[in-house]
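**Student:** Turn these sequences into a full structure, and let the hints steer you where they fit.
Letter by letter, the sequence shown follows residues 1 to 106 of this note's numbering.
In case anyone wonders, no lab produced these hints; they're calculated from the structure. Among the hints, erroneous ones may be present.
Claimed, not checked - Once the Cα atoms are required to be at most 25 Å apart in a straight line, the calculated SDA-like pairs of lysine to any residue come out as:
#	residue 1	residue 2
1	Lys51	Leu102
2	Lys50	Leu13
3	Lys50	Val3
4	Lys101	Gln90
5	Lys100	Arg83
6	Lys100	Glu86
7	Lys101	Val65
8	Lys101	His64
9	Lys51	Ile73
10	Lys81	His64
11	Lys50	Asp23
12	Lys100	Asn78
13	Lys50	Ala22
14	Lys101	Asp68
15	Lys81	Leu102
16	Lys100	Asp68
17	Lys100	Ile73
18	Lys50	Gln4
19	Lys81	Val65
20	Lys50	Gln40
21	Lys100	His64
22	Lys101	Arg69
23	Lys81	Cys61
24	Lys50	Arg69
25	Lys101	Ile73
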Amino acid sequence: MQVQAQRLQEQGLLRRALALWADMARCDDHEVARQARQKQQEIVALLQRKKDQQAASRYNCRAHVAADRELIIAYLRNGMKPREIEALTQRSSAFIYHCKKLLPEE
1 MQVQAQRLQE QGLLRRALAL WADMARCDDH EVARQARQKQ QEIVALLQRK KDQQAASRYN
61 CRAHVAADRE LIIAYLRNGM KPREIEALTQ RSSAFIYHCK KLLPEE
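**Tutor:** This is the structure we're talking about:
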């Protein structure tokens, strides 16, 4: 069971490995249970680190409003349609149409 859990951990299947280590932590052998609890803590730390990295790498729309507005206005000046801009920028159609209103009439 330890070999299987280690193999799962090496393959990156951390949640499955965590479940196996949790099963082993309940066994009667104190040495195996101690090692299993230690491995559980390591995996939980890895999962938390992964979660934090994913949260940090997400695009935060609120932080880039001004830059996105300028980019959308440039796209509109180049003749792109709002639906095309929406697909490119991942901004809402309402935001794009608001930017369109900011364009001076030509």
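**Student:** It remains to establish, for every hint, whether it holds in the given structure.
**Tutor:** Verification of the hints:
1. Restraint check for Lys51 and Leu102: not satisfied, since their Cα atoms lie roughly 39 Å apart, outside the 25 Å limit.
2. Between Lys50 and Leu13, the direct Cα distance comes to roughly 13 Å. Compliance with the 25 Å bound is thereby established for this hinted pair.
3. Using a Cα cut-off of 25 Å, the hinted pair Lys50 and Val3 holds, with the two alpha carbons roughly 24 Å apart.
4. With a C-alpha separation of about 19 Å, the suggested pair Lys101 and Gln90 falls inside the 25 Å cut-off, and the hint holds.
5. The suggested pairing of Lys100 with Arg83 holds, with an alpha-carbon distance near 12 Å, which does not exceed 25 Å.
6. The suggested pairing of Lys100 with Glu86 holds, with an alpha-carbon distance near 12 Å, which does not exceed 25 Å.
7. In summary, the hint linking Lys101 to Val65 is supported, as the alpha carbons are separated by about 16 Å, within the 25 Å threshold.
8. Simply put, Lys101 and His64 have alpha-carbon atoms about 19 Å apart, close enough for the 25 Å limit, and the pair holds.
9. Distance restraint check for Lys51 and Ile73: the Cα-Cα separation of roughly 35 Å exceeds the 25 Å cut-off, and the hinted pair is therefore not satisfied.
10. The straight-line distance between the Cα atoms of Lys81 and His64 is roughly 21 Å, inside the 25 Å bound, and the hint therefore holds.
11. Under the criterion of a C-alpha separation no larger than 25 Å, the hint pairing Lys50 with Asp23 is consistent with the structure, at around 23 Å.
12. At most 25 Å may separate the alpha-carbon atoms for a hinted pair to count; Lys100 and Asn78 meet this at roughly 12 Å.
13. Proposed proximity of Lys50 and Ala22 is supported: the alpha carbons are some 20 Å apart, at most 25 Å.
14. Under the criterion of a C-alpha separation no larger than 25 Å, the hint pairing Lys101 with Asp68 is consistent with the structure, at around 15 Å.
15. Taken as a hint, the Lys81 and Leu102 pair is honoured in the structure, with Cα atoms around 15 Å apart against an allowance of 25 Å.
16. At most 25 Å may separate the alpha-carbon atoms for a hinted pair to count; Lys100 and Asp68 meet this at roughly 13 Å.
17. Restraint check: the Cα-Cα separation between Lys100 and Ile73 comes to about 7 Å, which is no more than 25 Å; the hinted pair holds.
18. For the suggested pair Lys50 and Gln4, the alpha carbons sit about 22 Å apart, so the restraint of at most 25 Å is met.
19. Restraint check for Lys81 and Val65: the C-alpha separation of about 20 Å stays at or below 25 Å, so the hint holds.
20. Straight-line distance between C-alpha atoms of Lys50 and Gln40 comes to about 15 Å, which keeps the hinted pair within the 25 Å bound.
21. For a cut-off of 25 Å, the pair hint linking Lys100 to His64 stands: about 18 Å separates their Cα positions.
22. Restraint check: the Cα-Cα separation between Lys101 and Arg69 comes to about 11 Å, which is no more than 25 Å; the hinted pair holds.
23. Only pairs whose Cα atoms come within 25 Å are accepted, and Lys81 paired with Cys61 is accepted, the gap being roughly 21 Å.
24. Annotation: proposed proximity of Lys50 to Arg69 is violated, straight-line Cα distance about 32 Å (limit 25 Å).
25. Restraint check: the Cα-Cα separation between Lys101 and Ile73 comes to about 10 Å, which is no more than 25 Å; the hinted pair holds.
Hint check: violations occur at hints 1, 9 and 24; the rest are consistent with the structure.
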